[in-house]
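Taken in order, these protein sequences are the chains called E, R and U.
Mapping to numbering that gives the first Met the number 0: the first sequence position 115 is 114, numbers consecutive.
Mapping to numbering that gives the first Met the number 0: the second sequence position 18 is 17, numbers consecutive.
Mapping to numbering that gives the first Met the number 0: the third sequence position 200 is 199, numbers consecutive.
Just so you know, these hints were derived from the structure itself, not from any lab.
Hints are not guaranteed to be accurate.
[Unchecked claim] Simulated restraints, written as ranges between beta carbons of each label pair:
#, chain 1, residue 1, chain 2, residue 2, range
1, U, R109, R, V87, 29 to 39 Å
2, U, S157, R, Y316, 37 to 47 Å
3, R, L86, U, G110, 33 to 43 Å
4, R, S140, E, G139, 49 to 59 Å
5, R, C211, U, F215, 35 to 45 Å
6, U, K107, R, Q150, 48 to 58 Å
7, R, R149, U, G110, 42 to 52 Å
8, U, E177, R, F284, 44 to 54 Å
9, U, K72, R, L148, 40 to 50 Å
10, U, F215, R, W487, 37 to 47 Å
11, R, P317, U, S157, 30 to 40 Å
12, U, G110, R, A28, 54 to 64 Å
13, E, G244, R, Q150, 18 to 28 Å
14, U, E176, R, W487, 32 to 42 Å
Only a predicted model underlies this, so the values are computations on that prediction, with no experimental measurement involved.
Beta carbons: idealized from backbone N, C-alpha and C, even for Gly.
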Amino acid sequence: MKSLLTAAIAVFAIAAGLVAGSSQAQAATAVDAEWARTVEAAKKEGKVSVFLYQRDNVEAAVKAFEKKYPEIQMTVASTPAAETGPRLMAERRAGKFLWDICICGPTTPFGVLYPAKALDPIKPALLLPEVVDPSKWWDGKHQYMDGEGSYIFVYIGSTDLPNVFYHKSQVDPREFKSYWDMVQAKWRGKIVALDPRQPGRQRVGGRVLYNIPELGEKFLTRLFTEMDVTLSRDERQAMDWLAVGKFALCLFCGNIEAARTQGLPVEEFDVFRWKETPALSSGSNGSIALMNQAPHPAAAKVFINWLLSRDGQLSFQKIMNSDNLLVESLRIDISKDAVPAAQRRVAGVKYVNMDSAERSNQEPVNKLFKEIIKK
Amino acid sequence: MAKTETFNAPAVTRSWLPPMDGGTAIMAALIGFMGFYVLYPLTLIVINSFNTATIAEPEVYGLDAWRKAFAEPGIWRSLWNSIKIGLVLQIVALPTGIFISWLLARTDIMFPNALEFGFWISFFLPGLATTFGWMLMLDPSTGLINSWLRQMPLLSGLNFDIYSFSGIVFVHLVSNGISTKVMLMTPAFRRMDASMEEASRMSGASAFTTLCRITVPALTPVIIVVFLLSVIRIFSSLETELLLGVPWGFYVYSTKIVDLARQEPPLVNQAAALGSIILLFLAIFIPLQRKLISRRQFTTVTGQFKPKIIELGIWRYPATAFVGLIIFILDVVPLLSVLGGSFMTRFGFFNLPKTWTLEYWRMALTDPRILQGLHNTLIVAVSAGVVGALFFSLIGYILVRTKLPGRGILDTICWLPSAIPGVLAGLGLLWMFLGTPIFRPFYGTIVLLVVAQVLGGITLATQILKANFVQLGKELEESSRMSGAGFWRTYLRIVFPLMAQTMVMVAVIKFMFAAQHNGAIILLATSETRTLSLLALDQVAAGYREVASITIIMITVLTLGVAIVARSFGLKVGIRAD
Amino acid sequence: MSFLRIQNLYKTFGGQVAAVNRINLDIAEGEFFTMLGSSGCGKTTTLRMVGGLEKPDSGAIFLGDQCLVAPEKNLFIKPEKRNMGMVFQSYALWPHMTVFENVAYPLKLRGIKGAEMSKKVEDVLALVGLAGLGERPAPALSGGQQQRVALARALVFSPKVLLLDEPLSNLDAQLREEMRRELKSLQQRVNITVIFVTHDQIEALSLSDRIAIMKFGVLEQVGTPEDVYFRPATPFVRDFLGKTFLLSGKVASANDQTISVDIQGSSSASLNLPRGKALTSATKSLTQGQSVTVAIRPEQVNLTSGRQDGRANMVEATLQTVQFLGDRYEYTVTLGTETRVLASPEQQSAKSGDRVYLELKPEGMTLWPSEK
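Bound-form chain E, shown alone (with noise of 0.2 Å):
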């Protein structure tokens, strides 16, 4: 099966590469022909299981693929972030290969999943020609996260983060224009950040700020030691603070198109407002991995082409998209209807890449944290 695969990606590969006009139309039967073949042996298998890190509308946007391929059945399972590395070594430990596919953070398949050699390269199942084409996504390239460039595949990149709102009868919100604006007097005492060191979108926020060249280590040491931050724990907590009036500025929140639509007085500040670098980042589910041992690795393929593409990934984008959430997908040949106007990446723009081998790197971030936050 997996020399078979090969020789179709190798046929693939010279085909598009030095085959011109109708030896094109050639190679394309051939990959057709793999499809149908691992299609087929999907739906004997007749299932596949996504372990995902749960978070709003993931397990509808995945799950939207029983609607295509309905033979297949699905079985989705999460923990709360940081618990997902924990259970799955310990399942495979103990010798339970039971998952096809992660889609579980930035860093649990960075973290701990590619070093524990429990991924397979992801590379090889990418079948659909709408998949591979690097054409078709930013940048003109894939993205992996992992150094080798073949495990965690990332197709999500969205410019939402660190996520900084304001109260509107507090700030106004031409005075910034930097993200140093934050770290004046006037604001000491009136921000509320989601504490950083927890697992989440502020988590990522820390890491964001950390890896924006002109912020770095010192904007946060300022930020964190000068300007008698008060941190929460809960998302909810930090908005309702904000929309009171409590504070001023909330660092890491979500959830700001709710909260508008409710008719509170909170509004975001729009990422290009910045004279920093913005950052791109995949989020909670923008990445998946395949894993080894896979039980149904040809459903696996399938699934993994299925998402990739242009209906899966404009379902994604459409379904993950909430009041919540700013989720942009890496295909660059979808509609981005779904995605705020002022949100959107815009071509040409030199973003901070957060999904580099090198940022995912949560450890001195970790470091700076515990130096920096006292309380």
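Starting from the structure of chain E, add chains R and U where the hints point.
Just chains R and U now, with coordinates in the frame of chain E:
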């Protein structure tokens, strides 16, 4: 003297206890079983604390995790904070709980049953709803009560800050600090032999002196257990402290454990090291309290059963009003918080363009996962309730009523799990299930969720049962043994019906634990075995807190329904107070 | 002047049946007064009302000239203010205290401390025969010892009245006898007024100065032990206290001194009863030919094998069986169609089937309306 005549040869050889070899066998089986069931996962946690490798690597053993965990900044302060909360809370809650239990069980206060049930409701209401409710009331700048106080002429100087040490204690007090005590102690007060109090009255003591010097000391075993349970619980308590403590830099021990476990990559080993300290503490402390209780015999229920109600006279109305007010404080805020959370566009915001909405109910009720969640919840919670009550009552009975060796070990085993924060406990169970050939085939099925949840609230359950067995006069069983019934028959025909009320209470509590708590099963569930409480968690993760709170309402209503049915059943079967 | 007076005391539980139905009692100072009856007769309720543990619905209780309770006047003195000692059936020792602490408790409540307290406690423990056991935890004692502790606790503060609620019922037979004797001597030494509740007639008869026999909340008879035993006022009292030998007959004649009764089923028997002793409250008027029952305690019947002339009140009977019981013989006899059992310390020469004669002591006979 007809009795002695029936005392013929075969009856004499029948032992009071199960025959020594049989009894030892039961004990060995129980210790073996419980040791495996409870100690094994805990041992795995301890072992893991010595694993210095990351979870991605194969194990390497050493002391590194311990060293690093206790070098965490603020770790000792957080431990002291936990102890401080536990102690201050108990100083207030214990006397209040005792006094209310006494009023409900021993005096002619009005509507005792309805009032008692008010405390059950408080116990069953989700703690998070209580915390959010009181945050709305007592926020120092925007709290409703504080705003109201500012408008009052004389009270304008008063301002409560819930984000403080006393705020945290207060929320614990009203969420279940008082209600647990009333629930546990009222039945004990009710079963006490009234002549003890009457003897004190005849000796010249007033009703109040009698309460302080006779009733309370005579109920020492129950009170000690209730006290310890609450203190230990503080070590696994988390949510309130996160919401009310973190904003002003106040951390407790469980926060530190969870923070380490949720580090990236997870520092499970360091979290385990912190958890091991609690276990060590318990392993020393629990045998001590055992000694304390067992030094004296505390039979306060005898065969002559005549509970006598103390007449409060003119104090009857103030007393009723006092307990009514406490229940109001305990129940109304969380109830409003739960309901408000489900019908308000945004809980706590009364001036929105559209303040009220049915949208969340529509979303909750049309969630396709809800039926399966309900189905799974019922399977898990009913099994946990029934199996738990039956099995733990046997343990409680053996602990109290036999002289078999190894009781201390068994008792200590039953105390250990409740002090471990859910994250760690869940990992321990996960490792056990995956590491054991008999469990492994069931991995991923609902069977293991049941097995895990039967363990939930084990300490509470066994201690309630024990305290009640201690109180049950021995002669009631001895007369059964004399009548020719063996150990098992006595247990089933005499002990069981006499303890029916307690058993029902235990079953309901276990049902509640299984339905509401998810620390132990979160790592075991999949979309097919998801219970309602896990569904609520998923809904919170998805940002639909209001929808989640409706799912929690369903769990609460389910539990209360079971409690009402069980209570009426229990009151019919058990010993009546009136 | 009575010491403790109970007037028209009335109490119901739940309003249906009167547990105590308008009883009146006068108890003298230093008297050992017993309330006797089967369970549910209201004796314990009466005792508890005296102690203040129950409130009467109506009536009043006086101690000396102090009114303890009178619902009509809305007057109620709490139990702790009545200065009465009480011993409970279950002893009600407090399990969290030692013997010493149990006994010292009433003293502490009265502000007696230190050496004085210790001395009083040790004295009373010595009085009840528990000297030196003060440091034991209360539940570690035997039943008899617990009973003594309860007694010591009730006596230690020199109460005006001692209330005893079936204190001996939880003891075994031998211990009960021993405690009974001790209780009596203790009461005589301390010279305290005692109200004692029991269902045991032996205890009642042996301990009491006077006995009140209760049934369904009503006093059946109040009198000295001899009064109630030999001269029961009602058939209930007669049958409740010991065995009774009953003979049916008809009144043959009656004058101021003597009543003559013909016994049925025995041609020769005609009994002469001294009128003053034989008449009970149940038999105020008699007419000739009226059916009556003659009752006598078995120990006041003499069984002889030969008829002795010149002696009155002899009844002829047939001996059925004789049983030797160690300290006595038990004779089963038939009178006509009825069978009776008699006991006598003396052995008779008569054998089964022999004709025997029963001699009834005149002063022991009482006359009752005929029972169907």
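Okay, the hints, checked on the actual structure:
no.: 1; hint: U:R109 / R:V87: 29 to 39 Å; result: holds, 37 Å
no.: 2; hint: U:S157 / R:Y316: 37 to 47 Å; result: holds, 38 Å
no.: 3; hint: R:L86 / U:G110: 33 to 43 Å; result: holds, 34 Å
no.: 4; hint: R:S140 / E:G139: 49 to 59 Å; result: holds, 52 Å
no.: 5; hint: R:C211 / U:F215: 35 to 45 Å; result: holds, 40 Å
no.: 6; hint: U:K107 / R:Q150: 48 to 58 Å; result: holds, 52 Å
no.: 7; hint: R:R149 / U:G110: 42 to 52 Å; result: holds, 50 Å
no.: 8; hint: U:E177 / R:F284: 44 to 54 Å; result: holds, 47 Å
no.: 9; hint: U:K72 / R:L148: 40 to 50 Å; result: holds, 48 Å
no.: 10; hint: U:F215 / R:W487: 37 to 47 Å; result: holds, 43 Å
no.: 11; hint: R:P317 / U:S157: 30 to 40 Å; result: holds, 37 Å
no.: 12; hint: U:G110 / R:A28: 54 to 64 Å; result: holds, 57 Å
no.: 13; hint: E:G244 / R:Q150: 18 to 28 Å; result: holds, 19 Å
no.: 14; hint: U:E176 / R:W487: 32 to 42 Å; result: holds, 39 Å
Violation of the numbered hints given earlier is absent; every hint is satisfied by the structure.
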